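Protein chains: 2
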Amino acid sequence: MTTPLPRPGFADVEAAAARLAGKAHRTAVLTSRTADATAGGELFFKPENFQRVGAFKFRGAYNAIAALPDEARAAGIVTFSSGNHAQAIACAAAMLGTKATIVMPHDAPAMKRAATAGYGGEIISYHRYTEDRTEIGRRLASERGLTLIPPFDHPDVIAGQGTVALELLTDVPDLDTLVVPLGGGGLLAGCAIAARHLNPGISIIGVEPEAGDDGRQSLQQGSIVTIPVPHSIADGALTPALGAINFPIIADLVDQIVTVPDAALIDAMRFFAERMKLFVEPTGALAAAAAFTGVVPTAGRRTGIVISGGNVDTARFASLLAD
Amino acid sequence: MTTPLPRPGFADVEAAAARLAGKAHRTAVLTSRTADATAGGELFFKPENFQRVGAFKFRGAYNAIAALPDEARAAGIVTFSSGNHAQAIACAAAMLGTKATIVMPHDAPAMKRAATAGYGGEIISYHRYTEDRTEIGRRLASERGLTLIPPFDHPDVIAGQGTVALELLTDVPDLDTLVVPLGGGGLLAGCAIAARHLNPGISIIGVEPEAGDDGRQSLQQGSIVTIPVPHSIADGALTPALGAINFPIIADLVDQIVTVPDAALIDAMRFFAERMKLFVEPTGALAAAAAFTGVVPTAGRRTGIVISGGNVDTARFASLLAD
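Protein sequences appear in the order of chains H and U.
All the letters of the first sequence, read from the start, carry residue numbers 1 to 323 under our numbering.
All the letters of the second sequence, read from the start, carry residue numbers 324 to 646 under our numbering.
No wet-lab data here; the hints were simulated from the structure.
Nothing here was measured: the structure is a model prediction, and the numbers come from that model.
Do not take every clue at face value.
[What the hints assert, rightly or not] Negatives, chain U to chain H, calculated, CB over 12 Å:
no., residue
1, Gly377
2, Ala378
3, Met434
4, Ala464
5, Arg539
6, Ile589
7, Arg624
[To be verified] EDC-like mimics (lysine to aspartate or glutamate), calculated; alpha carbons at most 20 Å apart, straight line:
no., chain 1, residue 1, chain 2, residue 2
8, H, Lys99, H, Asp70
9, U, Lys422, U, Glu454
10, U, Lys346, H, Asp36
11, U, Lys422, U, Glu394
12, H, Lys23, U, Glu365
13, H, Lys99, H, Glu131
14, U, Lys422, U, Asp359
15, H, Lys23, U, Asp359
16, H, Lys99, H, Glu143
17, U, Lys346, H, Glu42
18, H, Lys23, H, Asp70
19, H, Lys99, H, Glu122
From the three backbone atoms N, C-alpha and C, an ideal C-beta is built for every residue, glycine too.
Let the hints inform the model, and build the full structure from the sequences given.
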């Protein structure tokens, strides 16, 4: 057994911001007259598709590696992910002069493997139907003396992701509502810590794909609900359960968790491309889809919308929008 | 006969910048590590796909309408365009409290008609194979007392487009090369005026679609060469000839005109989407395609690249990238 990791607070988000200064992009807040007209209120988009490696994940990964004691950092990092966290860890490790080992399913898309390898990460393949990636990650950590940094269930990862809301609320302090995509809960928990501290009265809403509403169920039930891996085009939010560190933060600080169907994600991706000229991945469109469809009320309000990432290849983008 | 219109100079670009302040978006300069690595030099992108109406055309249209005497402006504007200039005139006219009449082919895409009408423009349809849009525009101007503002062959339109280079060279003064898409020559002529004034030693390069190299031929021959309407996916650059005001400016100030094939535009659009998360129309990718394919040398140099616009619907984007 390892000691339980501490729950991060606002000071940890501030410490993360200091570590990320000059390393992560401070993404600009974007607005759209057309979006505002549709929403009947003011929308403020935080485009983390422009973040390093194309997603907010860079923030948590870099913060977690930078926060390690020198010796542990030098010994190397291991993680398990087939998505944006893998690239984020590989990129951040390279920037911080250490080595990343990434446990990835053997059938992960070639483009994602290539991107991770391109940042200098060593990829270890596993079979997703017969092997347990967490177990492999832990074994590698133990055998090779590496530090395991999981995708969301980690205080420094959560604190790093919280800098998204810290920046947004610094640029636009008087938001009524903050809407955040939700998978394992790293981004939502971190953003909730920052937003609740900076603006105690703000309404904080997490958005899941309709097919995978474990977060909503967990909030209703008051404990972590695990569901079968959901089927949704939001491939960054296909987590069966919230993280153990993430859940109590979300339960304390988040007002509501809502869901949107995949069709609403496609509509939002089309809006982003055609009207705002932004290339957004399905998961990245979760919060916007909730606002555009009225699941989150926006009329007469000032609403912050986190776009979590833009990592979708054009072939998949085209096939999604053609359906 | 009307009196020939004067050739605009740098003071006109500065006057345009003053008129556009707070009205046009001052688009930020974007960079990409991956693009730099590919280019072997530093690339600085000016993303006019984020401009109002999704293209640089707003600058020239707004400037030309704002520069009119009050009485003429109040009487209304007419133009002919099936593309970005139509929306730009409609939007700028509405902002300046006057009315725009747009002569548009009867088979113009529904989306473009809707966008133009959405800005309050009155659309007059003509048959593109049997009627002459310039003639219709002139007749409407004369019958209704409207001022005709054509898409590129106009000094205030040219001066307005020149603010693109004025801003880029203010933000990045020490560019070695400036690369600009070329259709009728409004953007290239305006940018050349600003860039040559601010940085006399800069290399200024225009980029046309391979299928429509009338600009290159004109520069070689020393007079305006007219070609049949070219076939290219770069639908914003399908002009048969440079403008009469534009040509001498380009001949004096531009170093070279190069061409790129449509396939290179598609590759550049894919790069913009996947790596920079930008949604760019085919014409908007002309300058980048020239840099990415080596037609414009970038190794060891600092190169400014104008992205002219992002108005392509997702269905067409998908079908172009699927070919």
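Hint check:
Not every C-beta of chain H lies more than 12 Å from that of Gly377 of chain U, the closest at about 6 Å, which undercuts listing it as non-interface. With a minimum CB-CB distance of about 10 Å to chain H, Ala378 of chain U fails to clear the 12 Å threshold, and the non-interface call is violated. At the 12 Å boundary, the C-beta of Met434 of chain U falls inside the reach of chain H, the nearest C-beta of that chain being 8 Å off. Every beta carbon of chain H lies more than 12 Å from that of Ala464 of chain U, the smallest distance being close to 30 Å; the non-interface claim holds.
Chain H leaves Arg539 of chain U outside its interface by the beta-carbon criterion, the shortest separation being 29 Å against a cut-off of 12 Å. With a cut of 12 Å on Cβ distances, Ile589 of chain U falls inside the contact zone with chain H, its closest approach being about 9 Å. Every Cβ of chain H is farther than 12 Å from the Cβ of Arg624 of chain U; the closest lies at roughly 24 Å, confirming the non-interface assignment. Proposed proximity of Lys99 of chain H and Asp70 of chain H is supported: the alpha carbons are some 13 Å apart, at most 20 Å.
Of the supplied pair hints, the one linking Lys422 of chain U and Glu454 of chain U is violated, its CA atoms being roughly 24 Å apart against a limit of 20 Å. Straight-line distance between C-alpha atoms of Lys346 of chain U and Asp36 of chain H comes to about 18 Å, which keeps the hinted pair within the 20 Å bound. About 13 Å separates the Cα atoms of Lys422 of chain U and Glu394 of chain U, which keeps this hinted pair within 20 Å; it holds. Among the hinted pairs, Lys23 of chain H with Glu365 of chain U is consistent with the structure: their alpha-carbon atoms are about 19 Å apart, no more than 20 Å.
Straight-line distance between C-alpha atoms of Lys99 of chain H and Glu131 of chain H comes to about 24 Å, which puts the hinted pair past the 20 Å bound. With a C-alpha separation of about 45 Å, the suggested pairing of Lys422 of chain U with Asp359 of chain U is violated against the 20 Å cut-off. Proximity of Lys23 of chain H to Asp359 of chain U is assessed by CA-CA distance (about 18 Å); at most 20 Å being required, the pair is judged to hold. For the hint pairing Lys99 of chain H with Glu143 of chain H, the CA-to-CA distance comes to about 15 Å; that is within 20 Å, so the pair holds.
Annotation: proposed proximity of Lys346 of chain U to Glu42 of chain H holds, straight-line Cα distance about 19 Å (limit 20 Å). Distance hint between Lys23 of chain H and Asp70 of chain H is fulfilled; the C-alpha atoms sit about 18 Å from each other, no more than 20 Å. A threshold of 20 Å between alpha carbons decides the hint, and for Lys99 of chain H with Glu122 of chain H the separation of about 8 Å falls inside it, so the pair holds.
This entry does not satisfy hints 1, 2, 3, 6, 9, 13, 14, going by the numbered hints stated previously.
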